[in-house]
Amino acid sequence: MGSNANFGVNISGYINKQFGLGEGVRSNIRAIKTTDVPYVINDFNITISKHVMDETQNALAVSEENPYNINLVQINIDRLHSVMQETDKSYFQNKYNIAFWAWELENFPEESKVFFSLFNEIWVPSNFCTEAISKVSPVPVVKMMHSIEIETPSYTRKDFNLPEDKFIFMTMFDYYSSIVRKNPIATIEAYEKSFGKNNPDVLLLIKTSISKEFSAEKKMLVDRIADNKSIIIIEEILERDQLYSLMNCCDCFVSLHRSEGFGLTMAEAMYLGKPVIATAYSANTEFMNINNSFPVKYTLIKTGDLYYFSTEKDIWADADVDHASEQMSLVYNDKNIAAAIAQRGQSDVKKFLSPEIMGEKIKQRLELINREIIPTLSNKTSNEESLLKFEIKILEEKLAKIRSLKPVQWKIQFKNLQNKLTGKKRKYFWED
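In UniProt numbering, the protein residues as written are 1 to 432.
Calculated from the structure, these hints are not laboratory results.
A portion of the hints provided could be inaccurate.
As the list claims (entries may be wrong) - Here are the simulated SDA-like cross-link-like pairs (lysine to any residue), alpha carbons at most 20 Å apart as the crow flies:
| hint | residue 1 | residue 2 |
| --- | --- | --- |
| 1 | LYS335 | SER325 |
| 2 | LYS401 | VAL114 |
| 3 | LYS363 | ASN42 |
| 4 | LYS415 | LEU399 |
| 5 | LYS166 | SER329 |
| 6 | LYS158 | ILE168 |
| 7 | LYS350 | ILE29 |
| 8 | LYS302 | SER178 |
| 9 | LYS361 | ARG30 |
| 10 | LYS113 | VAL136 |
| 11 | LYS135 | LYS158 |
| 12 | LYS363 | GLU64 |
| 13 | LYS166 | LYS197 |
| 14 | LYS411 | LYS425 |
| 15 | LYS427 | TRP410 |
| 16 | LYS351 | VAL83 |
| 17 | LYS197 | GLN85 |
| 18 | LYS350 | ASN289 |
| 19 | LYS351 | GLU286 |
| 20 | LYS193 | ASP318 |
| 21 | LYS166 | PHE44 |
| 22 | LYS193 | ILE225 |
| 23 | LYS218 | LEU306 |
| 24 | LYS113 | GLU149 |
| 25 | LYS143 | GLU356 |
| 26 | LYS135 | GLU111 |
| 27 | LYS135 | GLU121 |
| 28 | LYS166 | ASP334 |
Construct the complete structure from the given sequences, taking the supplied hints into account.
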């Protein structure tokens, strides 16, 4: 694997999927397009519900080849195992492999450390992710924030049957990203503290993903707002222009999340010039501050078992509903202050998270990898051995799960009893 041999990047991920991780990979494509770095786009054809397909992204030219010497694999840890099983190992061979991960807690899950052996380095969208992952990563962890760029939205309130005469607050979440982490209930509580119930002058719009596999969570949300006609739910997968238009139709965006690996919706709302009220914790604070948005106080609480892979060590934020309510009232009652702060937010996001700025950072890193790092690696060390180690670790995990099954434990106990009675030292081949 030599430098300058087929220099470029093969970008793979949720190319045409309509959720945050899909937009994350498209943001990197958008950034790389502003540079002269050669690239191709690979889609792993991951099996995901048709509900989240974004047909407008089918125009992206997808290749079945990965001809360049660097792979950028933008598949998060919760799906990486299945992707590896479905992908030909040759995809990773003789390449410098970069993973792009986002993680929402301060501790990286023990179960996912197995994936480090597959990659030469990890890219993340925030310092928050960097600190979580670098504590346990044997390979470099590099921050590459998402780029933000939105074309002028084309739909209006009339297109969404939204009232023209109401002040609209908006929050949104994907059920797969955890309703507990996204915490829309806190937004409802803060909204009702400020405006009561059935207030004719305001509206809280809750945009959600399809709830088909989350009936209990959907029922909890619907029951919570049943007696307040000034809160509505839009449960639909929208194309990007529709989604950004819906966001553009609102007067204020609210996110009382418990934790974020980046905070894409907040950055997008700021790009659109909206006042953004959000929990002042985790990755969103890297582009949000008191000068360009409306941060909300919080207390840290135990995560418990309420999130994927979370343990007793994990914590996240519990937004101060009273303070969030004060911020909502401020934005509603003093529109001049709200507009001035929103304008600063828009300026900051366009300046610091532009595709050109992010593209230059990506280019510099890729060129350094090609020039300084790749020549020091051998093909065998960087590819074959790491793939073999990964397969061994996966097999060990499967074996450990089998050993933990009660019938298997009983079988071992019975065998041990027989050994004791007969004086033999018989073992099953998979016991060690």
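Against the structure, the hints come out as follows:
The hinted pair formed by LYS335 and SER325 meets the criterion: a straight-line CA distance of about 16 Å does not exceed 20 Å. A threshold of 20 Å between alpha carbons decides the hint, and for LYS401 with VAL114 the separation of about 15 Å falls inside it, so the pair holds. For the proposed pair LYS363 and ASN42, the alpha carbon gap of about 19 Å is at most 20 Å, so the pair holds. Among the hinted pairs, LYS415 with LEU399 is consistent with the structure: their alpha-carbon atoms are about 18 Å apart, no more than 20 Å.
Simply put, LYS166 and SER329 have alpha-carbon atoms about 14 Å apart, close enough for the 20 Å limit, and the pair holds. Taking the CA atoms of LYS158 and ILE168, the gap is near 14 Å; set against the 20 Å cutoff, the hint holds. Pair hint LYS350 plus ILE29 holds up; C-alpha atoms about 17 Å apart against a cutoff of 20 Å. A C-alpha spacing of about 16 Å is found between LYS302 and SER178, which places the hinted pair at or below 20 Å, so the restraint holds.
At roughly 13 Å between alpha-carbon atoms, LYS361 and ARG30 fall within 20 Å of each other, so this suggested pair holds. Straight-line distance between C-alpha atoms of LYS113 and VAL136 comes to about 8 Å, which keeps the hinted pair within the 20 Å bound. Proximity of LYS135 to LYS158 is assessed by CA-CA distance (about 50 Å); at most 20 Å being required, the pair is judged violated. With a C-alpha separation of about 23 Å, the suggested pair LYS363 and GLU64 falls outside the 20 Å cut-off, and the hint is violated.
The hinted pair formed by LYS166 and LYS197 meets the criterion: a straight-line CA distance of about 14 Å does not exceed 20 Å. Distance hint between LYS411 and LYS425 is fulfilled; the C-alpha atoms sit about 15 Å from each other, no more than 20 Å. Between LYS427 and TRP410 the CA atoms are separated by roughly 14 Å; this keeps the pair inside 20 Å, and the hint holds. Taking the CA atoms of LYS351 and VAL83, the gap is near 35 Å; set against the 20 Å cutoff, the hint is violated.
For the given pair, LYS197 sits about 51 Å from GLN85 by alpha-carbon distance, which is inconsistent with the 20 Å threshold. With a C-alpha separation of about 15 Å, the suggested pair LYS350 and ASN289 falls inside the 20 Å cut-off, and the hint holds. Between the alpha carbons of LYS351 and GLU286 the distance comes to roughly 14 Å, so the proposed pair stays at or under 20 Å and holds. The straight-line distance between the Cα atoms of LYS193 and ASP318 is roughly 17 Å, inside the 20 Å bound, and the hint therefore holds.
Simply put, LYS166 and PHE44 have alpha-carbon atoms about 44 Å apart, too far for the 20 Å limit, and the pair is violated. Between the alpha carbons of LYS193 and ILE225 the distance comes to roughly 13 Å, so the proposed pair stays at or under 20 Å and holds. Using a Cα cut-off of 20 Å, the hinted pair LYS218 and LEU306 holds, with the two alpha carbons roughly 17 Å apart. Restraint check for LYS113 and GLU149: the C-alpha separation of about 33 Å exceeds 20 Å, so the hint is violated.
Proximity of LYS143 to GLU356 is assessed by CA-CA distance (about 16 Å); at most 20 Å being required, the pair is judged to hold. Of the pairs offered as hints, the one joining LYS135 and GLU111 holds, with about 15 Å between alpha carbons and a cut-off of 20 Å not exceeded. The hinted pair formed by LYS135 and GLU121 meets the criterion: a straight-line CA distance of about 14 Å does not exceed 20 Å. This hinted pair checks out: LYS166 and ASP334 have alpha carbons roughly 15 Å apart, not beyond 20 Å.
Checked against the numbered hints above, the structure violates hints 11, 12, 16, 17, 21, 24; every other hint is satisfied.
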